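Heads up: the protein sequence lines correspond to chains A and B, in order.
Heads up: the first sequence begins at 1 in this note's numbering, then just goes up one per residue.
Heads up: the second sequence begins at 1 in this note's numbering, then just goes up one per residue.
Every clue listed holds true.
Facing chain A, a subset of chain B residues (Cβ under 10 Å, in silico):
id, residue
1, 149
2, 168
3, 169
4, 218
5, 224
Which chain B residues face chain A? A few, computed with CB under 7 Å, are given here:
id, residue
6, 166
7, 206
8, 223
If you want the footprint, here are the derived chain A segments under chain B, 3+ residues with CB under 8 Å:
id, stretch
9, 2-10
10, 15-27
These are calculated hints, taken from the structure and not from any lab test.
Remember, it's a predicted structure, so these values are computed and weren't measured experimentally.
Using N, Cα and C, we set each Cβ at its ideal position, and we do this for glycine too.
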Amino acid sequence: MGTLARRLAPAAALGGLAIAIVGLLDPALAASRLPARDEMTAMAPTDNAAQQGGATTATCDTAETVTGPIVTTRWGPVQVAATIAGNTLCEAHAVVWPTGERQSRQISTYAVPELDAQATRQGVILDGVSGATYTTEGYRESLQQLVDSL
Amino acid sequence: MAIIELQESGQCHPATAQGSTSQNSTSAEPSNAVMRLRRPTRARAESSDVTALCLFVLVVTLGLWWQHGGVTAIMDGGTDRLRAFGQLTGLIAALASLGAIILTARPAFLERRYGFDHLLAAHRWFGITTVIFVVAHSVIGTLAWAALAQMSVTSGLVDLLANEAWMVAALVSTTLFVIIGLSSYRRIKNALAYETWYFLHLTGYLAVLLGFGHQLSLGSDFLVDRIARWWWIGLAVATIVIVIWSRIGVIVRSLSGRLYVTAVSREAIGIGSIHVNGPSLRRMRIAGGQFFIVRPLVKGLWWQAHPFSVSAAPTTAGIRFTIKELGDDTPNLLNVKPGTRVLLEGPYGVFTAEQAAGSPVVLIAGGVGISPIRAILEDCSPEQQPILIVRLHHEGDFAHRVEIEDLIRARGGQLHLLVGPREWFAARDPFAVQNLTTMIPDIANRHAFICGPASLESAVVKGLRKSGMQSSNIHLERFGV
Numbered sequence: 001m002g003t004l005a006r007r008l009a010p011a012a013a014l015g016g017l018a019i020a021i022v023g024l025l026d027p028a029l030a031a032s033r034l035p036a037r038d039e040m041t042a043m044a045p046t047d048n049a050a051q052q053g054g055a056t057t058a059t060c061d062t063a064e065t066v067t068g069p070i071v072t073t074r075w076g077p078v079q080v081a082a083t084i085a086g087n088t089l090c091e092a093h094a095v096v097w098p099t100g101e102r103q104s105r106q107i108s109t110y111a112v113p114e115l116d117a118q119a120t121r122q123g124v125i126l127d128g129v130s131g132a133t134y135t136t137e138g139y140r141e142s143l144q145q146l147v148d149s150l
Numbered sequence: 001m002a003i004i005e006l007q008e009s010g011q012c013h014p015a016t017a018q019g020s021t022s023q024n025s026t027s028a029e030p031s032n033a034v035m036r037l038r039r040p041t042r043a044r045a046e047s048s049d050v051t052a053l054c055l056f057v058l059v060v061t062l063g064l065w066w067q068h069g070g071v072t073a074i075m076d077g078g079t080d081r082l083r084a085f086g087q088l089t090g091l092i093a094a095l096a097s098l099g100a101i102i103l104t105a106r107p108a109f110l111e112r113r114y115g116f117d118h119l120l121a122a123h124r125w126f127g128i129t130t131v132i133f134v135v136a137h138s139v140i141g142t143l144a145w146a147a148l149a150q151m152s153v154t155s156g157l158v159d160l161l162a163n164e165a166w167m168v169a170a171l172v173s174t175t176l177f178v179i180i181g182l183s184s185y186r187r188i189k190n191a192l193a194y195e196t197w198y199f200l201h202l203t204g205y206l207a208v209l210l211g212f213g214h215q216l217s218l219g220s221d222f223l224v225d226r227i228a229r230w231w232w233i234g235l236a237v238a239t240i241v242i243v244i245w246s247r248i249g250v251i252v253r254s255l256s257g258r259l260y261v262t263a264v265s266r267e268a269i270g271i272g273s274i275h276v277n278g279p280s281l282r283r284m285r286i287a288g289g290q291f292f293i294v295r296p297l298v299k300g301l302w303w304q305a306h307p308f309s310v311s312a313a314p315t316t317a318g319i320r321f322t323i324k325e326l327g328d329d330t331p332n333l334l335n336v337k338p339g340t341r342v343l344l345e346g347p348y349g350v351f352t353a354e355q356a357a358g359s360p361v362v363l364i365a366g367g368v369g370i371s372p373i374r375a376i377l378e379d380c381s382p383e384q385q386p387i388l389i390v391r392l393h394h395e396g397d398f399a400h401r402v403e404i405e406d407l408i409r410a411r412g413g414q415l416h417l418l419v420g421p422r423e424w425f426a427a428r429d430p431f432a433v434q435n436l437t438t439m440i441p442d443i444a445n446r447h448a449f450i451c452g453p454a455s456l457e458s459a460v461v462k463g464l465r466k467s468g469m470q471s472s473n474i475h476l477e478r479f480g481v
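In isolation and in its complexed conformation, chain A is listed as follows:
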């Protein structure tokens, strides 16, 4: 058994180290991921359509549309518009998103509708779309400022 342990040790150490590094440092798993999102959570506990329940539907009929500022991200500008009824966010959608080069266009095609759905459902504290980190941040930022300006 001593021989087995000796021959297993390098591989076990390597594998363990690999798993530990990924578990601690990878943004997909690390507990401290997306610090920007934590700030958002602290800043904006308001205006969550989901929390308002059925009461929102009536007031949303008379909601006004507000447009947030253009936020410049690494891949291009993001701007969010939202319909707000009183204290309630009824619906949000991007009006400007990154279209600079092929990759951004592809990502945006996928990410923007998803972000719209999340924002409408969750408000500012949206989950975000993996693979579209910067667009997500820009989206949150624009929506946050939109909410703050009310």
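With chain A held as given, fit chain B onto it using these hints.
Showing chain B alone in chain A's frame:
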């Protein structure tokens, strides 16, 4: 994945000679209930089927990349070109890594067609491809990211690792691939104990797994296109199913077969036989020349796997493996007590008489290579007029001699002995064309089966080719490719 012990001598496999004093005459004609086990079924997959499947996977994957604008981006130039190259190298690396895993899992549909040794040789090339393309993909991908974000390369890399999901995992994966590649470089591999290398190599599964996350979270081919995403997930799932079925299934089947050692016999100095039997043996299909990966389930031995050739036609009375004490662990194998459970994985290999399809054969063995050759001889018919050439240092090394002379006589074949020291071998090439054609007048009509040290195998192959034998008629099994 089982452990294949690669012998420093480079022989077919370390199964080896049995002395002429064996009491267990398994080669005797069946008397009562002792019957020859059935032979393996023919391979179901043709080479063209396998080629077609590989091409299909490659064409669909690269076709999706093309359709997503990969080719256009490369034509157009700019930073998109860099990114498109990054995607291309990444796709090839991922496909190669899945291929390498499937090859080393040796699923029956591939093994019956190509043989374990060829699958391992292909695994090596798929593995090398994986490492090269993974490294290229990492470098190009980082450059492309930095260029698009107009950052320096260093801050681009930091940005990727700090902000993008599964990118730390991807970097760890790349590192593992590089370590696995380096440890398989022959000089480094030879410096490591076999199992040390093998366990390190197993981290390849982890490397593939860790690399998968970023393919789905950042790979734009699979982010945007739903069909492409499911195609990619489907490939991964298919690979996992094949690996589980082939690697874990084989162990479960062997364990449930309740195979055990019936006898261990010392045959000569440093040589002995292990006889194995059990309830599941009757269901097995084995041909002479095939081998098993043998693990006696006793303390200190269960984790070491040894490929051993069957040294006689397998019957319902049992299988016989003959073992020469080569490696540091082999002697212990001959000390296992009768009744010890064994785990048999196999049979493997296409080094069987079936390859000759009934044509006349010439069998050439060097030293310990006589073991599988003896089993192949037993599977030959008199119509195949077997000619056996045995190369030995001393006549006393001729294992299985009595059995082999009986088998040759029963088939009306011929036996040529080439006995002499190594220097003699160097001075007078017994496998030169005139010598071979003297021993084998109808050489062009025959199939050749060769097992012995690598130097002998290459000398024989060269001689046979020069004597006009087609390379498709020459059969040999190579480990340590």
